Amino acid sequence: MRFLKIIFRIITLVLLMLLAFGIWWVWRALPIISGFGAKNMASAVYLQHRDPASVLREELAFFPVSLGRFTVSKEDSSVTGSVWGLAKRKAIYRAGVGCTLVNDLTETAIRQQRFDLPALPALNRDTISWPYGDKIADSVPAGVDTAALRRAMDHVMQATTKKGKPGLTRAFLVVYDGKIIGEQYAPGFNKNSVMIGWSMSKSLTAAVIGVLTKAGKLDPEAPAPVPEWKNTPKEKITLKQLLQQTSGLDFTEDYGSPSEATDMLFKRGDMGAFTAMLPLKFQPGTIFNYSSGNANILSRIIRHTVGDSAYAAFPYQALFHKINMYSLLLEPDASGTYIGSSYSYATARDFARFGLLYYNHGKWNGEQLLPENWVKETVTPAAANKQQRYGYQFWLNGAHDKDPGKRWFPDAPADMFFADGFGGQNIFIIPSKKLIVVRLGVNNINENQYLKEVIRAVP
6 MRFLKIIFRI
16 ITLVLLMLLA
26 FGIWWVWRAL
36 PIISGFGAKN
46 MASAVYLQHR
56 DPASVLREEL
66 AFFPVSLGRF
76 TVSKEDSSVT
86 GSVWGLAKRK
96 AIYRAGVGCT
106 LVNDLTETAI
116 RQQRFDLPAL
126 PALNRDTISW
136 PYGDKIADSV
146 PAGVDTAALR
156 RAMDHVMQAT
166 TKKGKPGLTR
176 AFLVVYDGKI
186 IGEQYAPGFN
196 KNSVMIGWSM
206 SKSLTAAVIG
216 VLTKAGKLDP
226 EAPAPVPEWK
236 NTPKEKITLK
246 QLLQQTSGLD
256 FTEDYGSPSE
266 ATDMLFKRGD
276 MGAFTAMLPL
286 KFQPGTIFNY
296 SSGNANILSR
306 IIRHTVGDSA
316 YAAFPYQALF
326 HKINMYSLLL
336 EPDASGTYIG
346 SSYSYATARD
356 FARFGLLYYN
366 HGKWNGEQLL
376 PENWVKETVT
386 PAAANKQQRY
396 GYQFWLNGAH
406 DKDPGKRWFP
416 DAPADMFFAD
426 GFGGQNIFII
436 PSKKLIVVRL
446 GVNNINENQY
456 LKEVIRAVP
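Numbering (this note's numbering), first residue to last: 6 to 464.
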């Protein structure tokens, strides 16, 4: 009898522990589900002008996000998400700055924020030749196998994931020697459709840091100018270590369960400040740890460097509009700081223009916009990055690997570097092949395969 009582107590304790864990998981996870769905539904509806049903079917159908319910309100340009009626989160749309989750600040306070954005030039871009406009040459450079290129593009548009799900590629664009030689879109999308960049946003953020470096306002080798770090062990973290993802901050980039990444993106109003307050886990510069938090600290540094009054317009005026990237939209968090890790929208052609900027070593239309050595520094991995696969917020193909089998993409050259986002958003820059390849979609497909096919189609 005593033995049975002990067993009963153990079972009861285990069940209570499981119940406590379940309550903890629900408390942490449900707001993330609500926030993720509300934010992405809002941007799809108000920026891409899409039918909410297609967003539910294509972007929000995976578990556990499929547990959520998302209500679009055209009356106040918002989307509200919840799970079983709990953990409600609201995303609001504001013209010119896109969609923002309401966190920490009140909705009224967020809606009252002012963003002084530059006006777009009144141009008929279809009459201006690429890359300064959208007029594309009818001919392709000599040596391009157009039939092979068409097959490669068709394969991409039809590709599935490893599990057989549709890849849902929405745009695929190939630039060779500065010229668009291939371009294809899924039904419902075209050259004017803006699409999310996800973590390609990190590469955009790094480029703005480059502009400020060229202007003498920032120094990658100097301690990062983060106010909270003064007189703490974190004050030794350099700007370069933030760029190279070796800051040492205790940040877990996990989207399969609650983590610093999901808490930051879906629960915090000031994402850079949230990350800046995290403790050190490693000595700065010693461990590579990919972190969206580092990118949002960089975005906050940009804001502090240029000042609040100039900040909203600065990335556009100082860089993106100079490279004719007029469709780009950067979405802010509730504090008004651009979410430098994740939320940028642009057309496939504009993402290709950004790739061209780096292909041309930071020069555009005769003007050196980035420091002359910026691209070289971008493709130089930190010593702490043992696989040599990351530079200044860009991924590398393993630039120093002599063995193709050790490269990230074995059928692509070692000098390839790329901006990469969730679901297979990519800008591949391959200097040795004079190529820029842009793919935008919903689900990851076999990038090595389509890169191999495209490379074979050019001289």
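Everything labelled a hint here was simulated from the structure, so no lab data went into it. Predicted model only: the values in this text are computed from it and were never measured. No residue lacks a Cβ here, since even glycine has one placed at the ideal position from N, Cα and C. Heads up, a few of these hints could be off.
The calculated label-pair distances, taken between Cβ atoms and stated as ranges, are [what the hints assert, rightly or not]:
| hint | residue 1 | residue 2 | range |
| --- | --- | --- | --- |
| 1 | Pro123 | Asn236 | 36 to 42 Å |
| 2 | Pro171 | Gly410 | 26 to 32 Å |
| 3 | His309 | Pro464 | 43 to 49 Å |
| 4 | Lys327 | Lys79 | 23 to 29 Å |
| 5 | Ala66 | Gln117 | 32 to 38 Å |
With a straight-line cut-off of 16 Å between C-alpha atoms, the simulated EDC-like cross-links for lysine to aspartate or glutamate are [stated by the list, open to error]:
| hint | residue 1 | residue 2 |
| --- | --- | --- |
| 6 | Lys93 | Glu63 |
| 7 | Lys438 | Glu458 |
| 8 | Lys286 | Asp255 |
| 9 | Lys391 | Glu377 |
| 10 | Lys457 | Glu258 |
| 11 | Lys241 | Glu258 |
| 12 | Lys196 | Asp139 |
| 13 | Lys93 | Asp121 |
| 14 | Lys368 | Asp182 |
| 15 | Lys438 | Asp159 |
| 16 | Lys196 | Asp255 |
| 17 | Lys219 | Glu382 |
So, going through the hints one by one against the coordinates:
1. Pro123 with Asn236: 36 to 42 Å: About 38 Å separates the Cβ atoms of Pro123 and Asn236, which means 36 to 42 Å holds.
2. Pro171 with Gly410: 26 to 32 Å: 30 Å, holds
3. His309 with Pro464: 43 to 49 Å: 47 Å, holds
4. Lys327 with Lys79: 23 to 29 Å: Check failed, 35 Å falls outside 23 to 29 Å.
5. Ala66 with Gln117: 32 to 38 Å: 36 Å, holds
6. Lys93 with Glu63: 22 Å, violated
7. Lys438 with Glu458: Holds, because 13 Å separates the two Cα atoms, which is no more than 16 Å.
8. Lys286 with Asp255: Judged against 16 Å, a Cα distance of about 5 Å means the pair holds.
9. Lys391 with Glu377: 26 Å, violated
10. Lys457 with Glu258: 30 Å, violated
11. Lys241 with Glu258: Cα-Cα ~23 Å, so violated.
12. Lys196 with Asp139: Answer holds: Lys196 to Asp139 is near 9 Å, not above 16 Å.
13. Lys93 with Asp121: 31 Å, violated
14. Lys368 with Asp182: 15 Å, holds
15. Lys438 with Asp159: 21 Å, violated
16. Lys196 with Asp255: Violated, at about 40 Å.
17. Lys219 with Glu382: Given that 16 Å is the threshold and the Cα spacing comes to 13 Å, the pair holds.
In summary, the numbered hints that this structure violates are 4, 6, 9, 10, 11, 13, 15, 16.
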